[in-house]
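Read top to bottom, the protein sequences are chains A and B. The opening position of the first sequence corresponds to residue 209 in the working numbering, with each subsequent residue numbered one higher. The opening position of the second sequence corresponds to residue 12 in the working numbering, with each subsequent residue numbered one higher.
Source of the hints: derived by calculation from the structure; they are not laboratory data. Heads up, the beta-carbon is just placed ideally off N, CA and C, and yes, glycines get one too. Just to be clear, a hint being listed does not mean it is correct.
[To be verified] One-sided and incomplete, this derived list gives chain A residues near chain B with beta-carbon spacing under 10 Å: (1) R214; (2) H216; (3) G217; (4) L225; (5) A232; (6) L235; (7) T237.
[Claimed, not checked] With a straight-line cut-off of 25 Å between C-alpha atoms, the simulated SDA-like cross-links for lysine to any residue are: (8) B:K124 x A:L241; (9) B:K124 x A:S242; (10) A:K215 x B:H160; (11) B:K180 x A:C258; (12) B:K124 x A:Y244; (13) B:K180 x A:L241; (14) A:K233 x B:C168; (15) A:K215 x B:K180; (16) B:K180 x A:A243; (17) B:K124 x A:C228; (18) A:K233 x B:A73; (19) B:K124 x A:R230; (20) A:K233 x B:E177; (21) A:K233 x B:E195; (22) B:K124 x A:I252; (23) B:K180 x A:Q259; (24) B:K124 x A:S211; (25) B:K180 x A:A254.
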Amino acid sequence: MLSFYRKHGPLPRQPFLGACARTAKSLGTGRPLSAYLADLERQITAHHDCQEPNEP
Amino acid sequence: MNPIPFPFEDFLRAQQRLRRALLEHHEPFVLLTGNTGTGKTALLRELRAEIDRTRYRVVYFAQARKLGAVGLIKVLDEAHELPEETLAEARAITESDLAGTGPIEVLLIGLPKLRAQLQAQPALWRRIGVREEITGLRLEELNAFLAHHFPSPQRLCEQGLSALFEHAKGVPGLLLPMYRTILEGASGEHDPIDPAAVEDSLQRWDLA
């Protein structure tokens, strides 16, 4: 958890809660913590990629 | 250890969707991702055994660089290692079908990062009709999984099981050797194993 927060935090509350809801919906319950964090990380990376268009 | 793969929820769902996509809907592109040890290759073996050999021919490429052979179902394993040209070539093969009968289907298999690699090629990504990912076991499936592979009575308490599950990230290919290590490090043959001994074995595993 700490390394995840160090790498990605601090995160804005509402978008982060939205990302958590999407992760919960796609993975369901009973998964290891690392699986939930990997899914959140994937969403954060995808979001950053959308915001930083490639330079020509 | 049981040679038959344990039928956990993710595995069965992926197997069912891939079977339908390849054998009923004849999707030109199908994607299966999952971390190492989640059961992608085991699933592939199961699918291959189900395929009617008189109707289909499976051509399997592990870390392929060139797709020279002709086949009906092409399986590209370790696809995250493939160069972009090979993926473009795979796309060209499935599209070189003027009759529209869809004689060639491509199953791409790789680590989760393959998704991002394919998303970077929008023309190819759009053509992938079925995208499946195997995450691993759920905690509630762990007892049945261990009983499937180790017929002797369960020796871990709830806390020990939970520690094992988190350490192995629910990945079957990690759960098995970790559980074996715990059993080998435990005293006695049938006594319950203390959660502290479980943590100790798992920490030793991490250090090794």
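Taken at face value, is the distance from the CA of L241 (chain A) to the CA of K180 (chain B) at most 25 Å?
-> holds, 8 Å
Classify the hint on A232 (chain A) as holds or violated, based on whether any CB of chain B lies nearer than 10 Å to its CB.
-> At 13 Å from the nearest chain B Cβ, A232 (chain A) fails the 10 Å test, so the hint is violated.
Regarding the hint that L235 (chain A) lies at the interface with chain B, is the smallest CB-CB distance below 10 Å?
-> holds, 6 Å
K180 (chain B) paired with A243 (chain A) [C-alpha distance capped at 25 Å] = holds, 7 Å
Is it true that the CA of K124 (chain B) sits at most 25 Å from the CA of C228 (chain A)?
-> holds, 20 Å
Between K124 (chain B) and L241 (chain A), does the CA-CA distance stay at or below 25 Å?
-> Roughly 19 Å between the alpha carbons, so the hint for K124 (chain B) and L241 (chain A) holds.
Would you check the hint for K233 (chain A) and E177 (chain B), treating anything up to 25 Å between C-alpha atoms as holding?
-> holds, 20 Å
Sort out whether A254 (chain A) lies within 25 Å of K180 (chain B), counting only the CA atoms.
-> This hinted pair holds, its Cα atoms lying about 23 Å apart.
Under the criterion that the straight-line Cα-Cα distance not exceed 25 Å, is the pair K124 (chain B), I252 (chain A) satisfied?
-> holds, 14 Å
Was the hint right that T237 (chain A) lines chain B, CB cutoff 10 Å?
-> holds, 7 Å
Are K233 (chain A) and C168 (chain B) close enough, with their CA atoms no more than 25 Å apart?
-> violated, 29 Å
Within a Cα-Cα threshold of 25 Å, do K215 (chain A) and K180 (chain B) meet the stated pairing?
-> holds, 20 Å
In this structure, the hints that do not hold are numbers 1, 2, 3, 4, 5, 10, 11, 14, 18, 21, 23, in rising order.
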